[in-house]
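**Student:** Position one of the sequence shown corresponds to residue 298 (the numbering used here), numbered consecutively onward.
Everything labelled a hint here was simulated from the structure, so no lab data went into it. Source: prediction; values computed, not measured. All C-beta atoms, glycine included, are put in the ideal place defined by N, C-alpha and C. The reader is advised that the hints may include incorrect statements.
Below 25 Å or equal to it, Euclidean Cα-Cα: the simulated DSS-like pairs (lysine-lysine) are [unchecked claim]: (1) 940 / 398; (2) 398 / 420; (3) 1244 / 420.
Computed spacing ranges between beta-carbons, pair by pair [stated by the list, open to error]: (4) 571 / 384: 24 to 32 Å; (5) 850 / 1155: 44 to 52 Å; (6) 791 / 651: 17 to 25 Å; (7) 611 / 943: 40 to 48 Å; (8) 943 / 980: 28 to 36 Å; (9) 1089 / 384: 46 to 54 Å; (10) 1036 / 1256: 47 to 55 Å; (11) 798 / 1050: 22 to 30 Å; (12) 637 / 748: 45 to 53 Å; (13) 612 / 1131: 53 to 61 Å; (14) 748 / 1050: 39 to 47 Å.
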Amino acid sequence: MDKILRNAILYSMAWLMSAGIVLAQTKVAGNVTDATTRDGLVGVSIQVKGKVVGTISDAKGNFSLTTNTPAPFILVVTSVGFETQEVQINGDRTDLKIVLKEQALIGQEVVVSASRVEESVLKSPVSIEKMDIRNVRETPAANFYDAIRNLKGVEVSTQSLMFSSVNTRGFSGNGNTRVVQMIDGIDNQAPGLNFAVGNIVGISELDLESVELLPGSASALYGPNAINGLLLMNSKNPFLYQGVSAYTKLGLMSADNRSTKTTPFYDVAFRYAKAFNNKFAFKLNVGYITAQDWQVNDYRDQSFRGTTPDNGTRSNPGYDGINVYGDENSSGAGLASLRGTFGQLLGVPLAQLNAISAPLAQLVGGINQFSTATGIPSTQLINDILLPNVAVSRTGYNEFDLVNYTTKSLKLNGALHYRINDKVEAIVQANWGAGSTVYTSSDRYQLKNFTMGLYKAELRGSNFFVRGYMTAENSGDTYAAGLLGTYINEAWKPSVPPASAGLAGLAQGWYPQYALTYAGGAFQTFVPAFQAALRAGQTPQAAYATALGTVNSNAGALHTAARGVADQGRVLPGDPRFDQIAAQVKANAIPSGALFVDRTRLYHAEAMYNFNEVIDPKVVEIIVGGNYRKYALNSNGTLFLKKSDGSEFSINEFGGYTQVSKNFNDVFKLTGSVRYDKNENFAGQWSPRISAVYTVNKNHNIRASYQTGFRIPTNQNQYINLNTPVSLLIGGLPALWDNYKLREGGGSVNIATGQAWSFPEFKPERALSFEVGYKGMIAKKLLVDVYYYNTTMKNYIGGVLLRNAAIPQVISMSTNYNGDIKTQGFGLGFDYLLPKNFTLGFNLSNNTLDAGGVKMFSGEKNRNVLDDGFQVGYNTPKYRHNITFGNRNLGNSGWGFNVVWRHQAAFDWLDLLQPALARLPQNNNQLTIPAFGTLDAQVSKKISGIKSILKLGGTNLLGTQYRTGWGNPVVGSMYYVSLTFDELLNK
């Protein structure tokens, strides 16, 4: 695949270079100044419209450009913070005087992602949010990626400082697979996981030019999986952004639940770009951040074995702490599990039992004697008194003792750009990152020495591109914290002794020790109570009930004593033996250890062509495109199912699209597109989209669209084969059903319904969405953006919990919901330009799942269970809002500030991290993420003399500590100071 992509790019480049025609050259030169200060402006982009040729102004504002483009043509002059100008050139000009005015603060952005062509944000046919360089400079967030959460309609799940998952319009979660994240056209997902790993190996803030976010379905143009949204991050072209830039950022992180409440963090970055003769350019980026991460300490009991998270404590024998690992008990093992074994012991000679355990022999002898004397069957004593039906979990370890909260991220980027001619630019780009952090999925994973590389070759013109790229991940020393806790327990004392141990194993296994200790204590409590009741004149039946009540009232003490015996010899954190066992478990790959192995690769080839040079776009604008993609799974059997020959599967898919748009007198624009995609494991998918924008006048636009999106089941949805502490996770393809023989014998039973599972066909997920909206500028001061959407989800990909007699664990299998899921919502955005360049902003978003009687304007939380009992991970607050107030340049002093208040409502959570009982419909409404609000602020000063910006800021200044998802860390406050140098910074 690598060779095919490389040859395709090289042949295309050779053809294009051979097709170049020597034309008469036009020379253009001049000077660019600031309309207010009259100073020359450095770094201003001067580009021939519709071509790739251009240059930038020098430190005095001077520029010179030679082009083969025949006159007349248009020069497009742009610079961050200034209004774009277009200048017509009719021939050689060396005396151009261009004066740039400061850009209006709101409503002037140009976007590309909505239609794959440049257009005013006011005229976008769908909802879109954008951050540019100025927004990044002014955000009070500690970095640009954190600032995304301040955009309208965005939900963010924070799993660590460096790992957050972005989502829009519901069905949120950790590791979101319904929003596609792209960097310079490269899908930034980790190929084996199919979701972006935050920005831990992403783009450097110094190299970021813009961020565009499309909420809702975008599959018609961008292909599979952009079913909930698309996040596009664009880097700076080295032809347009040259010179040296760098920043250093120092700060503090603080939260009450951390082992050390307040710790420092360090963030540094460097960028250098240079162009030669406007033909060749390169750039280099390096960034590094390190800190002590946010920590978890949620020790509430999520077992739902007679308790809830609000009242459960560690005194519950079946305790399952949210952030405690090794205490999971998905099979429901407990005292009753030993009934059969104990019954067999009653027939074993006491001398033989005494050789194993004297207390065991005494207990068996006492039971036999009591049963003979009273006539009470020994089986009744075992079932009622000695081994009642009580689930018992092992004693687990807190997450703090199993992971390293030192987070770090190294980002490296390099790119070579070559302008073959005025129409074509060739690009070779490499992004590589490495890091360590913690993230949440079906377990809490310690990403350790994780690396990912993105490598791209591209030919690009103003109306086309051809690109091929590869994404390669290496999980390094990553391990699952839950499995680590489980295997540490098994290493120092197995839960159940091996069958080969025979009766002697009863003295070795944790569960037998626990059960026999409890049984002995219960028997010693029961017999005296029974005898005392008889002496008091009670009948045998009444005395039995009285004695049973006495045992039950002392059950807490009996369980404590049993756990104390079973835990004898338990290795504890800080003990060298604990470290030795942990190191061995982390070195062994799943399923025999906790090491997570994933070296999956993604190969992608893509092309797009706009016919605007063949067909006048004023008549009709036509765009066509297509792509081919291959996933080469490689987890060494730790994550994905193996084929019979021991190798893992590859997945191939392809797609193509066409878009046609017609603009009627700049008043009404109609756009239609259709896309077809085929994955080798599923039927082909059609994704049509139609949109219309009615321009009342240039500042008022009404839009409507019907969009479809689809999501191919992820690689894990298809082929995962992972035994976690909570359940056995398997994909939804027949290969997994057959691997475990789930359809044979008595079949498998749906735990939620108690009915046999029929194993229906596994299908891609689809979304059909209708949206209407208005965006306009009122009196050149108030920017208004309003939308309403209504979406029908079909073939929702969720999970079903199964029981199979041949498999001891709960089986969690990917499957479709065969009904429709209805969601709807709205968004309101207002940005107001106050006198003296103060700005005030407000946005509100609503996302509602139509289930359980919840209405869009009612007060209830969204639910995660549909009316028929099917579980969906909607995981979305019904309301969230942001309020902003700021000024980027107070009285032209260079001082600026920005304040953001952010609030979101409480909501319920459902995902695979939770045990099976917690996910049942009757329990899920108790798994709530509380509402929270935060206040962020920053003050900045432009220091023109050293071409730098000094910034002092803080997030969560009110100290409201919060969680964004189940099992996720507590997020506290951050305080920072940064100094950013930019050689092209204007006064």
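**Student:** Now look at each hint and say whether the structure bears it out.
**Tutor:** To see whether the hints hold, each was checked on the structure:
Restraint check: the Cα-Cα separation between residue 940 and residue 398 comes to about 64 Å, which exceeds 25 Å; the hinted pair is violated. For the proposed pair residue 398 and residue 420, the alpha carbon gap of about 23 Å is at most 25 Å, so the pair holds. Proximity of residue 1244 to residue 420 is assessed by CA-CA distance (about 36 Å); at most 25 Å being required, the pair is judged violated. In this structure the supplied range 24 to 32 Å holds for residue 571 paired with residue 384, their Cβ-Cβ distance being about 26 Å.
Checked against the hint of 44 to 52 Å, the C-beta distance between residue 850 and residue 1155 comes to roughly 45 Å, which is consistent with it. Checking the proposed 17 to 25 Å range against residue 791 and residue 651 shows it holds: the Cβ atoms sit about 24 Å from each other. The hinted range of 40 to 48 Å is satisfied by residue 611 and residue 943, whose Cβ atoms lie roughly 43 Å apart. For the hinted restraint 28 to 36 Å between residue 943 and residue 980, the CB-CB distance of approximately 30 Å keeps it satisfied.
Between residue 1089 and residue 384 the beta carbons are some 49 Å apart, a value that agrees with the proposed interval 46 to 54 Å. Range check, residue 1036 to residue 1256: Cβ separation about 51 Å, and the 47 to 55 Å hint holds. Separation of residue 798 from residue 1050 is about 39 Å and departs from the stated range, judged on CB atoms against 22 to 30 Å. At roughly 50 Å, the beta-carbon separation of residue 637 and residue 748 lies within the given 45 to 53 Å, and the hint holds.
Between residue 612 and residue 1131 the C-beta distance comes to about 58 Å, which sits within the given range of 53 to 61 Å. Here the CB-CB span from residue 748 to residue 1050 is close to 44 Å, well matched to the stated 39 to 47 Å.
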